[in-house]
Amino acid sequence: MHAKKDSLPASILASIRSRKKRLDAAHMEARPRGAGTLIASYNVHKCVGTDRRFDPERTSRVIHEIGADVIALQEADTRFGERTGILDLGRLERETGLIPVPVAGMAKAHGWHGNVVLFKKGLVHDVHQVKLPGLEPRGALVAEIELEEGGVLRIIAAHFGLLRHNRAQQARTLVDLINDRHEMPTILLGDLNEWRLGDRSSLNTFQSAFGELPPAVPSFPAGLPLLALDRIIANRKGIITEVEAHDTPLARIASDHLPIKALVDLKPAGG
7 MHAKKDSLPA SILASIRSRK KRLDAAHMEA RPRGAGTLIA SYNVHKCVGT
57 DRRFDPERTS RVIHEIGADV IALQEADTRF GERTGILDLG RLERETGLIP
107 VPVAGMAKAH GWHGNVVLFK KGLVHDVHQV KLPGLEPRGA LVAEIELEEG
157 GVLRIIAAHF GLLRHNRAQQ ARTLVDLIND RHEMPTILLG DLNEWRLGDR
207 SSLNTFQSAF GELPPAVPSF PAGLPLLALD RIIANRKGII TEVEAHDTPL
257 ARIASDHLPI KALVDLKPAG G
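Mapping of the sequence shown onto the numbering used here: position 25 corresponds to residue 31, and the numbering continues sequentially without gaps.
Bear in mind the hints are in silico, worked out from the structure with no lab data behind them.
Treat the numbers as computed from the prediction; the structure is a model and nothing was measured.
Do not take every clue at face value.
To be verified - Derived DSBU-like pairs: lysine-lysine, alpha-carbon spacing no greater than 30 Å straight-line:
| hint | residue 1 | residue 2 |
| --- | --- | --- |
| 1 | 137 | 114 |
| 2 | 273 | 127 |
| 3 | 243 | 273 |
| 4 | 273 | 126 |
| 5 | 126 | 114 |
| 6 | 137 | 127 |
| 7 | 126 | 52 |
The whole structure should be built from the sequences, with the hints applied where relevant.
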């Protein structure tokens, strides 16, 4: 008889084992939050959960649970027509202190092509709405935020397309945008829809502006995350902590993506 071979790739098996360890440790006390600005990215899937229920209240509870100082949301508006916003931003502000970065010309939408950036404290100096190339309507929202703890951080919140060659074009558009602007600490975050790793990844385009990409963190599908579709990438080494998924019982059902998060510290080591 021949030994039975694993039917799943080693990377997927490793993700499943890692997931089991996280679930086994879920009853343990959460780690205390470190110093810095907590940033997060969350594809809210138009507030439709894995149970197929449309439940904006549940989505808001996950956002509250994350406790981010700055968070980028994807699919926070309806997809077609006037792209009406589907979250109660007023209530979210009252309960979490998060307010949206303003966008121009979108009367009913929360953001730009479904991208919304919310922040708690600080000042917004500059906002740009970038249309990304490709067959699907996609965009990125760029905002420069003066943080309460000091320093200015450029946030690029994006949602890339489903086609690989479009993702490569979209990555190049953002790299060109960064190169055309004055240099500052920059964080790219969002659903970049790229499951390929290594040389085949369309995200390799970012290396000229961001350097070597950090390790991928599986975030999709939420019930058993195997693919690292969501990313947080910094253009300066050492300003963000290790990216991790916000993996809770509520987050596993509220969307088909888990949120991801990291801490940003713009202060130099020893400063």
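Taking the hints in turn, this is what the structure says about them:
| no. | hint | result |
| --- | --- | --- |
| 1 | 137 - 114 | holds (18 Å) |
| 2 | 273 - 127 | holds (17 Å) |
| 3 | 243 - 273 | holds (12 Å) |
| 4 | 273 - 126 | holds (19 Å) |
| 5 | 126 - 114 | holds (22 Å) |
| 6 | 137 - 127 | holds (27 Å) |
| 7 | 126 - 52 | holds (22 Å) |
In summary, this structure violates none of the numbered hints.
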